[in-house]
Amino acid sequence: MELDNLYQEVILDHYKRPQHKKLSPTYDAQVHHVNPSCGDEIDLNLSIADGVVTNISWDGVGCSISQASVSILSDLLIGKPIAQAYSIFDQFVALMQSKGAIAGDEEVLEDAIALAGVSKYPARIKCALLGWMAFKDASVQAQAKSELE
Amino acid sequence: MTFDPLTIRKDFPIFDRSIRDGKRLVYLDSGATSQKPRAVMQAESDFYSQHNAAAHRGAHQLAEEATEAIESARAIVANFLGGATDEIVFTKSSTEALNLLAYSIGSAPVGNRFHLKAGDEIVVSEMEHHANLIPWQELAKRSGAVLKWFEVDKDGRLDLSNISEVITSRTKVVALTHQSNVLGTINPLTELVERTHEVGAIFILDACQSVPHMSVNVAELDIDFLAFSGHKSVGPTGVGVLWGRSNLLAELPPFLFGGSMIESVTMTDATWAPAPRKFEPGVPNMAQIVGLGAALNYLTAIGMEKIHEHETHLTEYALAKLQEIPELRIVGPTDMSLRGGAVSFTVGKIHPHDLGQFLDNAGIAVRTGHHCAWPLTRKMGVASTTRASFYLYNTTEDIDALVSGIKDAQKYFG
Ligand SMILES: Cc1ncc(COP(=O)(O)O)c(C=O)c1O
Chain E
4 MELDNLYQEV ILDHYKRPQH KKLSPTYDAQ VHHVNPSCGD EIDLNLSIAD GVVTNISWDG
64 VGCSISQASV SILSDLLIGK PIAQAYSIFD QFVALMQSKG AIAGDEEVLE DAIALAGVSK
124 YPARIKCALL GWMAFKDASV QAQAKSELE
Chain W
7 MTFDPLTIRK DFPIFDRSIR DGKRLVYLDS GATSQKPRAV MQAESDFYSQ HNAAAHRGAH
67 QLAEEATEAI ESARAIVANF LGGATDEIVF TKSSTEALNL LAYSIGSAPV GNRFHLKAGD
127 EIVVSEMEHH ANLIPWQELA KRSGAVLKWF EVDKDGRLDL SNISEVITSR TKVVALTHQS
187 NVLGTINPLT ELVERTHEVG AIFILDACQS VPHMSVNVAE LDIDFLAFSG HKSVGPTGVG
247 VLWGRSNLLA ELPPFLFGGS MIESVTMTDA TWAPAPRKFE PGVPNMAQIV GLGAALNYLT
307 AIGMEKIHEH ETHLTEYALA KLQEIPELRI VGPTDMSLRG GAVSFTVGKI HPHDLGQFLD
367 NAGIAVRTGH HCAWPLTRKM GVASTTRASF YLYNTTEDID ALVSGIKDAQ KYFG
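Residue numbers (the numbering used here), protein chains in the order written: chain E, 4 to 152; chain W, 7 to 420.
Just so you know, these hints were derived from the structure itself, not from any lab.
Pairwise CB distance ranges (calculated):
| no. | chain 1 | residue 1 | chain 2 | residue 2 | range |
| --- | --- | --- | --- | --- | --- |
| 1 | E | VAL64 | W | GLU226 | 40 to 48 Å |
| 2 | W | GLY354 | E | ALA52 | 34 to 42 Å |
| 3 | E | GLU12 | W | LYS16 | 37 to 45 Å |
| 4 | E | HIS35 | W | TYR323 | 40 to 48 Å |
| 5 | E | LYS102 | W | TRP380 | 28 to 36 Å |
| 6 | W | GLY125 | E | ASP62 | 37 to 45 Å |
| 7 | W | ASP341 | E | GLN87 | 52 to 60 Å |
| 8 | W | TRP380 | E | ASP62 | 17 to 25 Å |
| 9 | E | ALA52 | W | PHE263 | 53 to 61 Å |
| 10 | W | GLY420 | E | GLU110 | 29 to 37 Å |
| 11 | W | LYS16 | E | GLU5 | 22 to 30 Å |
| 12 | E | ASP140 | W | GLY420 | 29 to 37 Å |
Chain E is nowhere near these chain W residues, computed Cβ spacing over 10 Å in every case:
| no. | residue |
| --- | --- |
| 13 | GLU74 |
| 14 | LEU195 |
| 15 | LEU227 |
| 16 | PHE263 |
Every value quoted in this text rests on a predicted model; they were computed, and no experiment measured them.
Every residue gets a Cβ at the ideal spot worked out from N, C-alpha and C, and that includes glycine.
Assemble the whole structure, with the sequences as input and the hints as a guide.
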């Protein structure tokens, strides 16, 4: 059915078995983001060393889309140089805002490509972006901190 | 005339369309906004095509007709609520009506009965919609008044056991909802209004979820102010109502200033027209006001008692059927005493957003989230809920569709 485009197998898998969903004791930045329209919340810890994302961990409550999205994000961005992580971020945001017009590059987005169907449901885009916005915010804070040190 | 929701549905053009590739529209979101009957759209359209001119201004025939049109709508609203015509103030929504009250009270000078000073108290409850919470929070901050509230118990009822500690001799304003938009709870007003008046405070009723669904009479309730929105009462968007006792409206300072709300103006000062004009600056939302009149006439012709009876029957049916679903938890009262047709629930671990999406795919429109009552959902121990809300055009088949949709969702996400 139509809905299966939205709720891809990959998404339901990540939702049922979320990755990196346990806040690490150490981090360079910790952020708390909410989706005011539905009350979903996420805490995200980020560690960066020598320009590379060394760890992402998170905890939160939310719908399958928001939970799967941050789980996928963690898998995808850990180990990536920050510049590459930003480029993936940009492509993901563009995909979400495309209203279904672009397919997305699976080479770059990997599992996150499964969220492409979300772009056709305007009310759900914020769900998919919750964790990504938290990551962006945390990365800005972590970098600002490392420049100070 | 017997009450038949299927006949009623024929008056609402939106039910002729289909949803998500040919599915029947099962509209269970009237708590957010109601659908509109043809009579309302026609009244708006007739106003624009036949009578459009700036009401209360100009000496020409169209201006006269426009004035007549909105003033007859005012009389219809007054009749509907059991108040007097000049006690009806048109606003753009109940949100605006409640903000009007909060700002007007906040600007009352020393000596005015509405004047608030540091240490005075404003009373709300944990089950308020943000529209009847935040204006009072802000007023408390501006005036130094203390915000107090009634708590909600685990069944979703107001805890009134400490009523005389919550409403005290320092209380100036008590602002409460008539029916919770989340829980469906109808609050017992008699005791609350009596206590409010005993301490000399004013009682403001957020009637957004009651006026559309049952007969509400301001004189019988003995309240001081009431707010509701046209769009939840089969009326147009962009029009709301503030009703106030005439002696109170006379003393309350205006909130918005501008054209047609004045008695006299000089370069440095102005005096106000009597209520309701004092609270209606600018050219009003005329077509919407006229549409609201048509909406209330439509409801009256069907009969508010019959509508309420129908919704009570639907709610009873829904509560029974929903509670048969494993893992479904009703958030709100499960008995029918003082209970209206908004039913919130959670279903196991399925997030309301996912449930709502799944139901939407089957043509069923429900609301999900915290329903603009975040402190309440927190208090009830849930992050968010799914809400089905009923109105005159709903049937038990709609509820059957909801129930089977929920069961299918359990298989899908299970
Ligand atoms: C109880 C209650 N109060 C106030 C409001 C605000 O109404 P509006 O958005 O029409 O101003 C609502 C709407 O959901 C409500 O349910």
